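Please arrange chain B on chain A, whose structure you already have, making use of the hints.
Residue numbers (my numbering), protein chains in the order written: chain A, 1 to 114; chain B, 1 to 116.
Just so you know, the hints here were simulated from the structure itself, not pulled from any lab data. Quantities reported herein were computed from a predicted structural model and do not represent experimental measurements. Heads up, some of the hints might be wrong.
On the chain A side, residues computed to face chain B include the following (Cβ under 10 Å) [said to hold, decoys possible]:
1) Leu48
2) Arg94
3) Ile103
4) Ala106
Cβ coordinates follow ideal geometry from the N, Cα and C atoms, glycine included.
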Amino acid sequence: AQSVAQPEDQVNVAEGNPLTVKCTYSVSGNPYLFWYVQYPNRGLQFLLKYITGDNLVKGSYGFEAEFNKSQTSFHLKKPSALVSDSALYFCAVRDWAGGFKTIFGAGTRLFVKA
Amino acid sequence: GAGVSQSPSNKVTEKGKDVELRCDPISGHTALYWYRQSLGQGLEFLIYFQGNSAPDKSGLPSDRFSAERTGGSVSTLTIQRTQQEDSAVYLCASNPGLAGGNNEQFFGPGTRLTVL
Numbered sequence: 001a002q003s004v005a006q007p008e009d010q011v012n013v014a015e016g017n018p019l020t021v022k023c024t025y026s027v028s029g030n031p032y033l034f035w036y037v038q039y040p041n042r043g044l045q046f047l048l049k050y051i052t053g054d055n056l057v058k059g060s061y062g063f064e065a066e067f068n069k070s071q072t073s074f075h076l077k078k079p080s081a082l083v084s085d086s087a088l089y090f091c092a093v094r095d096w097a098g099g100f101k102t103i104f105g106a107g108t109r110l111f112v113k114a
Numbered sequence: 001g002a003g004v005s006q007s008p009s010n011k012v013t014e015k016g017k018d019v020e021l022r023c024d025p026i027s028g029h030t031a032l033y034w035y036r037q038s039l040g041q042g043l044e045f046l047i048y049f050q051g052n053s054a055p056d057k058s059g060l061p062s063d064r065f066s067a068e069r070t071g072g073s074v075s076t077l078t079i080q081r082t083q084q085e086d087s088a089v090y091l092c093a094s095n096p097g098l099a100g101g102n103n104e105q106f107f108g109p110g111t112r113l114t115v116l
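Okay, chain A solo, but in the shape it has when bound:
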């Protein structure tokens, strides 16, 4: 069965500093990996995805994520955090062998302090 772990409930970072939000996964086949963001009082929005190809994928709002097969990780990164990046971030995995069922992590709340 597929699963996703986001080991940090909360990440605090100062504005202008780099940020990392961690995600590890477990699937039986090849993973499709996603990051979503949920801003306060707004719906979930897609940020970026890894399907195949380059391990470093770039997405919306300057975010990027690196797929590491050996470590089964897909950490979200941004070189310079903004206060407006403060939100709840979810990692998700879809296992092709499991059809299109997508499992989400518990979420990591990011606080960016000015």
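Below, chain B without anything else, positioned relative to chain A:
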């Protein structure tokens, strides 16, 4: 174009009552998902529909929960004999499905259910 819509946006009910939550996916999307997000918690998978295939019900927490999808489009999530622990935001998402298996999900705004 129109996104995923859900109704009602808010629902307050009394313990023991039945509720129905509705989801209208994006036109042409064959995959539809229901999730539950409790206060401060992550997304809990409930059920997944793909076209005319049998739904994946593996996430439904009890037999009080059921869902159907009529005509491959609109879906209704029904909770019978609601309990206070059912209070949460219920999110619906759609995806092109087999036509775009690597595509992201598009989420609706959710229905906030409060069971008194």
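Outcome of the hint check:
At a threshold of 10 Å, the smallest CB-CB gap from A:Leu48 to chain B is about 9 Å, leaving the interface hint in force. The interface hint given for A:Arg94 holds, since its Cβ lies 8 Å from the closest Cβ of chain B, which is under the 10 Å cut-off. With a least beta-carbon distance of about 6 Å to chain B, the hint placing A:Ile103 at the interface is held under the 10 Å criterion. Evaluation of the A:Ala106 hint against chain B yields a held restraint, the C-beta minimum of about 4 Å falling below 10 Å.
The structure agrees with every numbered hint stated previously.
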